[in-house]
Amino acid sequence: DQQVKQNSPSLSVQEGRISILNCDYTNSMFDYFLWYKKYPAEGPTFLISISSIKDKNEDGRFTVFLNKSAKHLSLHIVPSQPGDSAVYFCAAPHNTDKLIFGTGTRLQVFP
Amino acid sequence: NAGVTQTPKFQVLKTGQSMTLQCAQDMNHEYMSWYRQDPGMGLRLIHYSVGAGITDQGEVPNGYNVSRSTTEDFPLRLLSAAPSQTSVYFCASSYSSRGGNQPQHFGDGTRLSIL
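Protein chains in written order, with my numbering: chain A, 4 to 114; chain B, -5 to 109.
These are computed hints drawn from the structure, not numbers from a lab. There may be inaccurate statements among the hints.
In silico contact screen, one side only, chain B against chain A (beta carbon under 10 Å); selected entries [what the hints assert, rightly or not]:
#, residue
1, 31
2, 57
3, 58
Straight-line distance between alpha carbons at most 27 Å, and here's what the computed DSSO-like set of lysine-lysine pairs gives [as the list claims (entries may be wrong)]:
#, chain 1, residue 1, chain 2, residue 2
4, A, 101, A, 40
5, B, 3, A, 101
6, B, 8, A, 40
7, A, 74, A, 57
8, A, 8, A, 59
9, A, 74, A, 59
All C-beta atoms in this analysis are idealised placements derived from N, C-alpha and C, irrespective of residue type, glycine included.
Required output: the full structure, derived from the provided sequences and hints.
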């Protein structure tokens, strides 16, 4: 039972345009969400998070939006840069001590 | 600051062999965890620890053992390797014992192949 879902395995975006990565979840008890970014042959690195008391959190070019009624969150990257090409995972803590990851979306930003 | 260090980076085993994947962190973090990453599956939690002497199971614990005798080290043991355990293994840590609620720092992974 996949509690955190990323239905788009890949996304290709032109440099300078907006990248939108989507994530859906099924457990209404989730109250905190994180995005991680992963380059090949490296471990994931934390990117941005959002608490369920907010519907938006922004950090530079990265903004995460949360729609609790739809159980949906999205990561916006504006403007997209070639260095953003990576795999992006959304994740949610289950009972505060277990992190549940989505399957990831591979973003490719081309010139 | 080394962060989270995993050794080895690569390993090939034969079915039935045992081995230990090492993980060490130098940030005095309470929470440590092990994940495996498989194609199309994302990262799945194997075992985790909220402090020295305390461990618990994650989503996919079968075939793996862990112990946490010190704050710094969290080794993962494969008792009898099986081809289904071929994967990339990541160790992670975070400062709070409520590790799921905090950003975790990951090592660079161990790529393990079981023949």
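Hints violated by the structure (listed by number, smallest first) = 2, 3 and 6
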